[in-house]
Amino acid sequence: MLGFLVLVGLIVVIVVWLVGMYNGLVGLRNAVKNAWSQIDVQLKRRHDLIPNLVETAKGYMKHERETLQAITDARSRAMGAGTVGEKAQAESALSGAISKFMLVVENYPDLKANQNFLALQEELTSTENKIAFSRQAYNDAVMTYNNKTQMFPSNIIAGMFNFQASEFFQVEDAAERKTPKVDFS
Amino acid sequence: MWELIAQNRRRSWWLFLAMGALLIGLGYAIGATYAPPNGGVGGMIVAGIVWLVLSLISYSSGASIMLNSVGAKEVTPDIHPQLFNVVEEMKIAAALPKMPKVYVIDSPALNAFATGMKPENSAIAVTAGLLSRMNRDELQGVVAHETGHITNRDVQFVTFAGVMLGAIVIISEIFLRGLWYSGGSGRRLGSSRGKSGGQGGAIIAVAAVVLAILAPIMARLLYFAISRRREYLADATAVRLTRYPEGLASALEKIANSTEDLPKVNKAIAPMFIANPLKRAGAKLSDLTSTHPPISQRIRILRSIAGGSGYLEYQSAFNAVRGKGERILPNSALDQNEAVPIRPPAAEPKPSGQRRDVNDIVRAVNGFLFLNCACGLKMKVPPEYQKPTVTCPRCGTVNQIPTAELAAVAAVLETQRAGAAPEQPGQVYRRRGSGWESFRCGCGRTLQLSPAFAGDQITCSNCGRVTAIEDTKDA
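Quick mapping for you: the protein sequence lines, in order, are chains A and B. With our numbering applied, the first sequence has no gaps in its numbers, which climb one by one up to 185 at the end. With our numbering applied, the second sequence has no gaps in its numbers, which climb one by one up to 475 at the end.
Each hint should be verified, as a subset may be incorrect.
[To be verified] Quick list of in silico lysine to aspartate or glutamate cross-link-like pairs, DMTMM-like style, CA-CA up to 25 Å:
| hint | chain 1 | residue 1 | chain 2 | residue 2 |
| --- | --- | --- | --- | --- |
| 1 | B | K101 | A | E122 |
| 2 | A | K44 | B | D78 |
| 3 | B | K101 | A | E86 |
| 4 | B | K73 | B | E88 |
| 5 | B | K98 | A | E122 |
| 6 | A | K58 | B | D456 |
| 7 | B | K378 | A | D110 |
| 8 | B | K98 | B | D78 |
| 9 | A | K44 | B | E74 |
| 10 | B | K73 | A | E122 |
| 11 | A | K33 | A | E128 |
| 12 | A | K33 | B | E88 |
| 13 | B | K101 | B | D360 |
| 14 | B | K98 | B | E74 |
| 15 | B | K378 | B | E88 |
| 16 | B | K98 | A | E128 |
| 17 | A | K33 | A | E167 |
| 18 | A | K112 | B | D471 |
| 19 | A | K33 | A | E86 |
| 20 | B | K254 | A | E122 |
| 21 | B | K380 | B | D78 |
| 22 | B | K98 | A | D40 |
| 23 | B | K380 | B | E74 |
| 24 | A | K33 | B | E120 |
| 25 | B | K101 | A | D40 |
| 26 | B | K98 | A | D48 |
Hint data in this document are derived by calculation from the structure and do not stem from the laboratory.
Model the full assembly from the supplied sequences, consistent with the hints where possible.
Right under this line is the structure:
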């Protein structure tokens, strides 16, 4: 009788423990998803800002049609991108175009004094930061989640219920890492 | 990050239990002195109730008491877009469940604090002086440090432990004064001695006095030790969130060099700030009794971080500067061998706003009205001003106080123009430019339009009425 009770008690403890582990994994997987959607929100925000920015700058930067055109093109490519790989590449091309634009702006004091433009510039800087930070938060979440799916004993549960490891968000295109070249010719 | 929070919580619990034991012990000793032989239990219960009541008060309204006590005013994204953006960036980086509320304190001192019992309803307050002196990176560093306090659950801890410290201080104070006034051969002590028969009672009484003197000191030391450690921890979190140690380092440097004290801050809330707000008062105290680690040391640690911005790098920099094998971060947080490179500085070397702009922001938060006179003078009209016109002190021109046109007028205009019945909103205000503007709502509340305002209507925070904003370009 006593042995039976101990057995039942043991089984209950193990089940509770397993359920806790399973729920923990689900929570982490949701955190990863949530972090990913956060990146998307920020990318969309950047897309929304660009037409405004180009519109404001156009009047001041008559000789920089190419720079502005590059931004507009990169934006439409990024918005039309289908696969994740394409998207990542298009977005980093857009980042490159924007940082080049920001450098060129230094030559236009009138534009820099424009209240409207200053507000837009702050928004754009902040959005760029938010993209970087949401990426960072995503990678943090992925690392915690992956560790749990690979480490003993939670990897057993992960294997049983098909919790797959997530991928890190890496910037493949080197264009985003290096600062854009300024051409004075 | 999660291990860090868990470890933090465990350590807090230990400290918490130690302080609780101190409180209960004090209650027992006092109770036993006054009403032997069974008074001890009563004393413990009373001490527990005092703590519980204070805790409940601080849990339910601690944040608002604190914000009110320093005169913090909530800011909208409209009034200071940059501060708001920086807070949102940190919210994203730390994956907070909700955006913290943002407050500004009208003071030239450089300081900031975080409050709120849960990450779901937190708040970050910065002083106007800080806004005017910091550039974007430095502001980000400060906000990241405060976000670190929120994610590490420091606010919760500081509040509860602070309340417990307060309870211990109050109880022992009352006891000691009671003794003083009842005199050395007090009637109560005397009678108790009579009842329980001499020595036992006397020993307990002496123990109670000793405990009443020592308990507040011990509780304080416990509290300060943990509070200092938490500052380092928040610094480490800030470095990791921003990936830019220099931002926080130069912000701390500016804070250290400023001489203004933050008024209206008492000792109880001092540990919540980024740097000790009671600088001059605390200057003489030794390391042991300070709520904050020496600022120069924090800067040195931040500046000697090399090779990355993870917790591991902070820990090794910490050890290098302090020269001791002290652990500030748990092993589990250091094991995650991740490469988090330090990012380059943002392209904005100068401070974000001049002193005058920040003054305007503080006035905007407090409901001042901005009026540009034809002569170029910018008049700032306080919200108490009731007359319909204001005379320019420089050129003598009589200016109308701008108000939103009331529903009736707007309705007439609207029907004339479109030939249709007007819809909501009822009030209309026509913008005159694209700079700072403000006007009075029908209810008398001042509504602000910042240069960044881009919407076409604004809702009064006082009466809830919606005012349509017409752009000058549209008209």
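Tested hints:
Pair hint K101/B plus E122/A holds up; C-alpha atoms about 20 Å apart against a cutoff of 25 Å. Using a Cα cut-off of 25 Å, the hinted pair K44/A and D78/B holds, with the two alpha carbons roughly 21 Å apart. Between K101/B and E86/A the alpha-carbon distance is near 37 Å, which puts this suggested pair outside the 25 Å criterion. Between K73/B and E88/B the alpha-carbon distance is near 18 Å, which keeps this suggested pair within the 25 Å criterion.
Of the supplied pair hints, the one linking K98/B and E122/A holds, its CA atoms being roughly 22 Å apart against a limit of 25 Å. Between K58/A and D456/B the CA atoms are separated by roughly 24 Å; this keeps the pair inside 25 Å, and the hint holds. Between the alpha carbons of K378/B and D110/A the distance comes to roughly 23 Å, so the proposed pair stays at or under 25 Å and holds. Proximity of K98/B to D78/B is assessed by CA-CA distance (about 19 Å); at most 25 Å being required, the pair is judged to hold.
A C-alpha spacing of about 28 Å is found between K44/A and E74/B, which places the hinted pair above 25 Å, so the restraint is violated. Note on K73/B and E122/A: the hinted pairing holds, with a Cα-Cα distance of about 23 Å set against a maximum of 25 Å. With a C-alpha separation of about 21 Å, the suggested pair K33/A and E128/A falls inside the 25 Å cut-off, and the hint holds. Among the hinted pairs, K33/A with E88/B is consistent with the structure: their alpha-carbon atoms are about 19 Å apart, no more than 25 Å.
A C-alpha spacing of about 20 Å is found between K101/B and D360/B, which places the hinted pair at or below 25 Å, so the restraint holds. Pair hint K98/B plus E74/B holds up; C-alpha atoms about 16 Å apart against a cutoff of 25 Å. Between K378/B and E88/B, the direct Cα distance comes to roughly 32 Å. Violation of the 25 Å bound is thereby established for this hinted pair. Note on K98/B and E128/A: the hinted pairing holds, with a Cα-Cα distance of about 20 Å set against a maximum of 25 Å.
The hinted pair formed by K33/A and E167/A meets the criterion: a straight-line CA distance of about 11 Å does not exceed 25 Å. About 22 Å separates the Cα atoms of K112/A and D471/B, which keeps this hinted pair within 25 Å; it holds. The suggested pairing of K33/A with E86/A holds, with an alpha-carbon distance near 20 Å, which does not exceed 25 Å. Distance hint between K254/B and E122/A is fulfilled; the C-alpha atoms sit about 23 Å from each other, no more than 25 Å.
At roughly 19 Å between alpha-carbon atoms, K380/B and D78/B fall within 25 Å of each other, so this suggested pair holds. For the suggested pair K98/B and D40/A, the alpha carbons sit about 17 Å apart, so the restraint of at most 25 Å is met. For the suggested pair K380/B and E74/B, the alpha carbons sit about 20 Å apart, so the restraint of at most 25 Å is met. For the given pair, K33/A sits about 19 Å from E120/B by alpha-carbon distance, which is consistent with the 25 Å threshold.
For the suggested pair K101/B and D40/A, the alpha carbons sit about 24 Å apart, so the restraint of at most 25 Å is met. Our distance criterion of 25 Å between C-alpha atoms is met by K98/B and D48/A, whose separation comes to about 23 Å.
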